[in-house]
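K.L.:
Sequence:
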Amino acid sequence: MKEENKQTFVLLHVDRYNSFIQPELKSLLDSAQGRYLIHKTSIEREIKYSIVTACPSTIEHVLEKSMLISEAITMLNYDLLEKRNNDTNESTNMNIIEKLNRSLNADVIANINSKIEGNYKIDCICSSKPQAIEYLIKKICVNYRVDLNNPASTISVIEDDEYCMVGMLYKKSNRKELLKYSVKNRKFIGNTSMDNEISFIICNMAGVSEKTILWDCFAGSGSILLSGALCGAMVAGTDINDKQFRGREVAHTNSRIKTQLPNTNIYSNFDMYNIIDKVLMIGVHDIFSECLFKENTVDVILCDPPYGERETIKKKTTEANEYVEGNDKYLIPSVPFFGRVIEIGRSVLKSKGRIGIFMPHTTGTTPKLREIKGFTQVAQAEQYLNSLYSRTFFLLEVNK
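Residue numbers (our numbering): -13 to 386.
Take every hint as true, because none was put in to throw you off.
Simulated crosslink set (DSSO-like; lysine-lysine; CA at most 30 Å straight-line):
| hint | residue 1 | residue 2 |
| --- | --- | --- |
| 1 | 26 | -8 |
| 2 | 69 | 107 |
| 3 | 157 | 101 |
Just so you know, these hints were derived from the structure itself, not from any lab.
My request is simple: use the sequences and hints to build the entire structure.
P.N.:
Here's what the structure looks like:
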């Protein structure tokens, strides 16, 4: 089979969950099993993007699964910008026309012309769109018209500090389709159901796929399990509180409240999306009792242990600082749960299996794990919750 030619792409990121952007992207690129190179990721400013060189099939894989990418653009002036970046005499206070002049040459314009396959539009993310569009229309020499409503091709321009990235829209991501699985659209909604965006993101970070056996040992209403099953995994869920799995016996007096409706249960959502066959088991189990699973049977453990005012499970004692540095008042109570998941993971996880777990902490602090024997920390990403506390997702891989 002929090997695909690598191309350089600009991946535009959505302005959400910024600390998850890089680990999700890297995990998805790794899972595509093709060679790639991330040249740059910019998430600190208004326009968030990554520049990646990879085969188109690798980018297709990323676009299908990512919750944090809106579209991919085939970048046509990367080589030129690499050369210009070595020019230290350029001013850093340029207007959009000066940046475009710096970012285009005859070869790039010719390449753009060759990629236009019918009526086209110009999509600019820049400080002065009318000027940029007028400039490009004058430069482009093709026998096609501008069509804003139904273009066959889209020229994309993204302004940065000293230049403009210019290319052709490759493809939109599948993000909008994945958003249709929103919690508010489900038949069964728990009191604290995790939103579908973050549950898909952590599944992507953990490498969940159709080859995965996924276990959530604090399953609650099953949000993580549902996203895992939609990613193709076989899923198992346990929780100490069976009330989490079923709807109320009596309807809410307020008809606008949609949580835990009568005649619904945790299986309702799997039925709704025709993925009930992905459920291995869901049942009541205390994480601190004897483990249900045999050794080397689980690929990924993903969970969000109870904490704060939602805490309902009796904690077991452990050394507070065995796994985490510091004495954060929100973090320390969750350490027993973290430690138990680590203990279980050593046994039940397969080779290179992963644990992904949320831990709460005071907003403005950054928790740090101690070195954990038998595990390598792969990533961590913080999610802001409110002014008092946030939570950080830790991803670890077992060394088997």
